[in-house]
Structures are given as structure tokens and as C-alpha cells.
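Each chain, letter by letter, is given below.
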Amino acid sequence: MAVAVGRPSNEELRNLSLSGHVGFDSLPDQLVNKSTSQGFCFNILCVGETGIGKSTLMDTLFNTKFESDPATHNEPGVRLKARSYELQESNVRLKLTIVDTVGFGDQINKDDSYKPIVEYIDAQFEAYLQEELKIKRSLFNYHDTRIHACLYFIAPTGHSLKSLDLVTMKKLDSKVNIIPIIAKADTIAKNELHKFKSKIMSELVSNGVQIYQFPTDEETVAEINATMSVHLPFAVVGSTEEVKIGNKMAKARQYPWGVVQVENENHCDFVKLREMLIRVNMEDLREQTHTRHYELYRRCKLEEMGFKDTDPDSKPFSLQETYEAKRNEFLGELQKKEEEMRQMFVMRVKEKEAELKEAEKELHEKFDLLKRTHQEEKKKVEDKKKELEEEVSNFQKKKAAAQLLQSQAQQSGTQQSKKDKEKKNSIVRGSQSGMSFSISRLTIARASMDPLNCRSWLQAIQ
Amino acid sequence: MDKEYVGFAALPNQLHRKSVKKGFDFTLMVAGESGLGKSTLINSLFLTNLYENRQIPEASARLTQTLTIERRGVEIEEGGIKVKLTVVDTPGFGDSVDCSDCWLPVVRFIEEQFEQYLRDESGLNRKNIQDSRVHCCLYFISPFGRGLRPLDVAFLRAVHEKVNIIPVIGKADALMPKETQALKQKIREQLKEEEINIYQFPECDSDEDEDFKRQDAEMKESIPFAVVGSCEVVRDGGPRPVRGRHYSWGTVEVENPHHCDFLNLRRMLVQTHLQDLKEVTHDLLYEGYRARCLQSLARPGARDRASRSKLSRQSATEIPLPMLPLADTEKLIREKDEELRRMQEMLEKMQAQMQLSQAQGEQSDAL
Chain A
1 MAVAVGRPSN
11 EELRNLSLSG
21 HVGFDSLPDQ
31 LVNKSTSQGF
41 CFNILCVGET
51 GIGKSTLMDT
61 LFNTKFESDP
71 ATHNEPGVRL
81 KARSYELQES
91 NVRLKLTIVD
101 TVGFGDQINK
111 DDSYKPIVEY
121 IDAQFEAYLQ
131 EELKIKRSLF
141 NYHDTRIHAC
151 LYFIAPTGHS
161 LKSLDLVTMK
171 KLDSKVNIIP
181 IIAKADTIAK
191 NELHKFKSKI
201 MSELVSNGVQ
211 IYQFPTDEET
221 VAEINATMSV
231 HLPFAVVGST
241 EEVKIGNKMA
251 KARQYPWGVV
261 QVENENHCDF
271 VKLREMLIRV
281 NMEDLREQTH
291 TRHYELYRRC
301 KLEEMGFKDT
311 DPDSKPFSLQ
321 ETYEAKRNEF
331 LGELQKKEEE
341 MRQMFVMRVK
351 EKEAELKEAE
361 KELHEKFDLL
371 KRTHQEEKKK
381 VEDKKKELEE
391 EVSNFQKKKA
401 AAQLLQSQAQ
411 QSGTQQSKKD
421 KEKKNSIVRG
431 SQSGMSFSIS
441 RLTIARASMD
451 PLNCRSWLQA
461 IQ
Chain B
1 MDKEYVGFAA
11 LPNQLHRKSV
21 KKGFDFTLMV
31 AGESGLGKST
41 LINSLFLTNL
51 YENRQIPEAS
61 ARLTQTLTIE
71 RRGVEIEEGG
81 IKVKLTVVDT
91 PGFGDSVDCS
101 DCWLPVVRFI
111 EEQFEQYLRD
121 ESGLNRKNIQ
131 DSRVHCCLYF
141 ISPFGRGLRP
151 LDVAFLRAVH
161 EKVNIIPVIG
171 KADALMPKET
181 QALKQKIREQ
191 LKEEEINIYQ
201 FPECDSDEDE
211 DFKRQDAEMK
221 ESIPFAVVGS
231 CEVVRDGGPR
241 PVRGRHYSWG
251 TVEVENPHHC
261 DFLNLRRMLV
271 QTHLQDLKEV
281 THDLLYEGYR
291 ARCLQSLARP
301 GARDRASRSK
311 LSRQSATEIP
321 LPMLPLADTE
331 KLIREKDEEL
341 RRMQEMLEKM
351 QAQMQLSQAQ
361 GEQSDAL
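Here the protein sequences come in this chain order: A and B.
Here the first sequence stands for residues 1 to 462, numbered as in UniProt numbering.
Here the second sequence stands for residues 1 to 367, numbered as in UniProt numbering.
Any given hint could be a false lead.
Only part of the chain A face toward chain B is listed, based on derived beta-carbon distances under 10 Å [claimed, not checked]:
#, residue
1, Thr50
2, Gly51
3, Asn109
4, Ala123
5, Ser206
6, Gln210
7, Val260
Just so you know, these hints were derived from the structure itself, not from any lab.
No residue lacks a Cβ here, since even glycine has one placed at the ideal position from N, Cα and C.
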């Protein structure tokens, strides 16, 4: 950390009076000029149910139209959508980031609804912490994404907070500045509003939820902050549509029974919210985020990692030393894990190899068996073929003999020859059919020997 | 006296007299998340203070609250007609952080009423059957969202075949006219998409006059009804006290048709369709329940095992006895049928095989 400046702590600083104008009263101006040229950064998180008016209120607050598609109620879980915009007013540039909770309050089981929000906030803190811990860092250039203000939108039921509201705010109150507001407040009549507000505040207090307190230590803003705090939670109405009132246009909502003017303090607390959030306390919100919420996160995180401010001997620990020690420990663990994994890998490879060898052996055996059966079959086929050839030659001889007889008979007498012819023809035909029958028998025999060969079956049938 | 006049044209009068003497009863259920104006609307509808001295629990108490069913009964009278009105409330619906299955107690309650009626109807002494069945369910939809939420859809899906549902948009003074139209449109689309059957108004008879038909069409167009409820009187000047809500920028009048659909809802619920709701409950929904119930008795173990066991456990008078032996024989018959069918299939298969092999043999012979 910082090296202690060699200054005795019990010595008081002397107050000296100046004999002339030196000029260091321009210090605040120098600071302001510097910051203005750099530009400011502000991040708002809007938490509330779908359709409660988050986007409309942002549009109304910043007098622009931040384009976005309205979400449906069918989101499976809560997710956060962040959008950054560059705004300019006079010579002041503002980098505004608006983070929206999409799907909040829509699911039937809302036990885990707060988790994505907390994770997002922590992630921004983590990013800043990482930047801070770097060796070569550029904090002045860093785009700060930490959430400076959380607007929690309460539904105007008129009764009290919802259970989801209580659970979520309790989880968020130590991480971010919560400003609760009552949304769509044009549905609550004045007398009901007072009761509703006090009910909400008492519920927050009794459950120990810490909302953002407007600072009352500076005299310039103490008074206005104190009077405004009484009106918490602010009951707001948002609108981007303009309605003609009197002789000028104003942001309002037009009903058949009247017109609700957004900037009329009798109608709603929009003006108060704008004053508090933007005009008076924006810088304080940023400061609180940095000095309170971020420091708390940092402390918890570093303690988790094992850092302490003082070691057992009560001597201040250097961050670097502890860091080195942690790093070595971590590397050692990594190596051990690597070894383990390598060993397991080798073992697995061996097992697989053994399995594969087994399989190979089996395949070889099968192949041999098949080959043998195949050869046997082949021999059988050859035998049958020889038989067939014998039959064919026999038939040929018979045919030749028959033909000879025929020619002899022709020479002897035609009548007899005719009869003989028919007889012989029938014999021939008979022997022919017998012949074809034997051929088909052979093919069937062949096919039956080779049961897996569909083609031979097909031929046999044909 | 005209000889041709028989006199049964006086029947409607007789019916009227009898019904006045008997009195009417009606059970209305209101469901929806807390804070949507259900109790105020009921008070406005029937001009009574049904919900006095309400204790609304704090948020921390509601973290894990289960749904309870509350019944409030009241007898109201108007013009000599007595109505015994029962309002069934569902406090705790949608209140806790985890609302899974929070609609099951409601479904069970509705079915219990059907069960009770079934038992009474099948009993020996049917003189004084108390009809505690739920005739209508007003489901409140939040005006702060963009349509039906998953919880709404789950609840409606669970009850739509068991009770007449009339969807209502509560606290409608949060919506400008064009927002109201858009929301109604969205809800109608979603109901169709999710195939949820809400109560359908019966068609007008063709011989009704044009005015009535127009009114009827208007009423059907404005479902779901966007209502505002109030018991405060805001203007005492005119002929009747006007109830409404007073804001710094104007006053919403509950009975002004340009401000909200309260009049339509009241007319429909009380003036014109009360009897139809009861009839649909009796003829359609109850009969459907009864058929399912008895069918599942005939096939034990198929579906609705739970309802059967509940019936046999709770009833003092047993289910009509001839049911049980019949069930056994039916089961046997069915089993034998199955066997026969299986054997037939096998036979056919074997026949086919034989034919095939015969055909092969013939073909080879022909060669």
C-alpha cells in the first residue's frame, strides 16, 4: 500500500493567514475544467417487472428516445441488457449507461431472479479491481462500468411491497445505491399514496434494507436533500408524448377524465426524482459507489484470496509479497493437476489398446472360419457342375441317336414316322423339360447352399 | 272468456313466482394477484361491504405463503328478489417468490364442489341439495404488464374446463384509451394462442331488436372488461350518487362507460347472464366432470386415481354399489378381447407366410 509519510502524528498543523491573494482558490475550477474536458460517466440500473415503465421513465428523465424493443413476458429467466449512450448538455459530455433487467418477475418460480443482477454488479466491480491490480494500468482512461444508482421500480398495488421486491432489495443493498420509486403512480389517489409510501418505508426499515441516503453533510444541499427524503419512495409517472396544456406542450398522459402532467409536482414526484438523481446528487452517487460499495467488494474479494493487511507478527504485509506467494501456490497446484490428468490419460490409452487388440483377434478368427466354409461350398458346387455336364453329354448322345432313328424311319415309311416323330418329340420335349427341371433344381441347390446371397435366390425364383 | 284460450300463456308468471319464492343462489370466485382491486370491485358490483376490516399481510409474511380459499356469504335483496351470494376469494395467489403449482388448491376446491354435488345428486334424499358449485370465476389481469404472464396462463389452463372464466383487467385507470385497446387485443390473441376457453356469451336471438343486438355486440367486443372499482362517492349533486376515484387531475367515474367497462360487466354478470352462467356450469362443466369421474371409476387405475380414492374415503354413503362388480366383468371382457385380437393377428401373419411360400413354389414349378 502507500508508504507512510514521515510526519509526526501528534503535531498540529498551524493556521497561517495570507497577506495577499495567492490564487489557489481557483483549484476547484481547475478540477472542474479537467473533469469537464474528460467527460463524465454515469451508470444506472433499472430493476422492475416487465411493462412497469422502466424504458419510458429513462426516456422522460433524459429527454431523449433511447430506442429499444419492449420485452414480452415469456423470458425464461432474468437477463441484463446494458446500453451506452453519449449525451451532451452545454459543454458537459456524459457517457450514460442504462442497464435493464429483462424478464424480471415473469417466471413462476422467482427464487433465482436476483442472481443475474448480483452477478452483473460484481462483474463490474471485478473488472475495475482487475484494472487496479494491473502493473501497467490506466485508471484515468478507464471506462467505469460500475453501477452508480439502482432505480427499483415498485408496482403500484396500493398495499405493500411484493415478496420478490423485499428479497431482491435485501440482496442488492450492500452492493449498489438503491433508490426505490413507485412506478405508474397515476393509478394511486392522493390519500392512498401517503399510506402506501409509509407502508413501504416501514417495511424496508423493519427488514433492514439499506436504501441510498441523500447526503446531508454539506450545507448547500443539506436542506433540499432533507426535504426531498421525506417523499421517498418517489411516485413517478413517465411519458414521452406531449399534450397541449394551456398554450404550450408538456409531457403528459391524457385520460378521458383528465390529463396527468409529468412535470407537475401536484400530480407526481417526477421533478423531485430528477432533481435528486441528476441535478443534485449525481456526483455523490458516484462517490458512494466508489468509496463504499466498491471498497466493500474489494475487501471481501481480497480477504477471500487470502490477503491480510497485517501478518501474524503485526507487520504490514506487502501486497506484492502475498501476491507472489499465492501465485506460486497456485502454479504448484496446477502442475499437480496436470500430472494427475496425464497419468489418467495414459491409463485410458492402455485400456483402449487392449480392447482393440481383442477385437482384432476375434475378427481374424471369424475371417478364417468364413474362408473355410466358403471353400467347402465351392467344392460342392464344382461337383454338381460336373454332374450336370455329364447329364448334358448324355442328353446330346440320346438326341443324336434319336435323330438317327428319325432319319431311318423317314426312309422306311411316313405314317410310322409321324407317330414315331410325335413319340420322339414328346420324348425330346420330356427330356427337355426334365433337363430344364434339373437346371432349376441345380440353381435352387446352389442358392440354398449360399443362404445369404439374395441374387442367387432371385435367379432361382426366376 | 274466449273458448279458444287455454291459458298456458300464464306459465312464465308461475315460473317467476316460484323462483322468487325459492330465491337464487350464486357463487362467484375472484382470482388474481394481490393489489389488482378485486375486493373493491366486488364491493362495487354488489354495493355491499363484503370486505370490511381486512388485514393485508406484509411482504415479509408473504414470502412463502400458500394459497388459501376464503368463502364469504351474504344475502342481498332487491325489488323482492333474494339472492344468496357467495364470494370465493383466493388470497395468497401469486404472492410468494416461488409460485409453482400455487393454483392446485383452487382446482381442488372447484372439483370438491362438483364432488359434493355429485354425491348429493346420487344420494337417496335429494330434497335440499345445496349448490355450492362455482358458477363464475372473475380472473384479474394486471394492467401494468404487457398481456398475460406465465402465471396467468398456467392458472387459466388449469381451470378453464372446470369453471366459467371471465377475464377482467383490474385498475384500468392506469391505462389510456389506446393502451386499453392494445392490451385487450393482446390478451385476446394470447387466449386464442394458448387455447384457453373463456365463458362464451350466447348469441342473440335473431328476433331481438337492433338496439339490443348492438349492445350485445359491444359487450362482446369489450372482453376482457377493463374495470375500475370504488366505494367512495365523488359527486353528490346529480340524481344519484356517483361513485369514483378522485385524483388531482380529474375524477374517474366507475359507472361512466367512457371511463371503464364496469357497467358492461355488471350488466352482463348480474342483469342478463347470471342464469346462463349457472346453466352452463350445470349442463356443461358439471356434466363433463361427472362423465370423467364415472368413466375413471369404470377403468380403475387409468386416470384420476386420486379422485376415486378421495371419493371412497370421504363419502359416508358409498358410491352406488352396482358399479363395482360391473367394473370387474368389464375388465375381464376387455382382456379377452385383447387376447382374441392378438391371436387373430398371428393367424393372419401365418396365412400370409404360407401364401408367399406357395407362390414361390408355383413359380419355380412353372420354370
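Hints, verified against the model:
1. Thr50: holds (6 Å)
2. Gly51: Status holds, d = 4 Å.
3. Asn109: holds (5 Å)
4. Ala123: For Ala123 of chain A, the interface hint is violated, since the closest Cβ of chain B sits about 24 Å away, which is over 10 Å.
5. Ser206: holds (8 Å)
6. Gln210: violated (16 Å)
7. Val260: Holds, about 5 Å.
Hints 4 and 6 from the earlier list are contradicted by this structure; the remaining hints agree with it.
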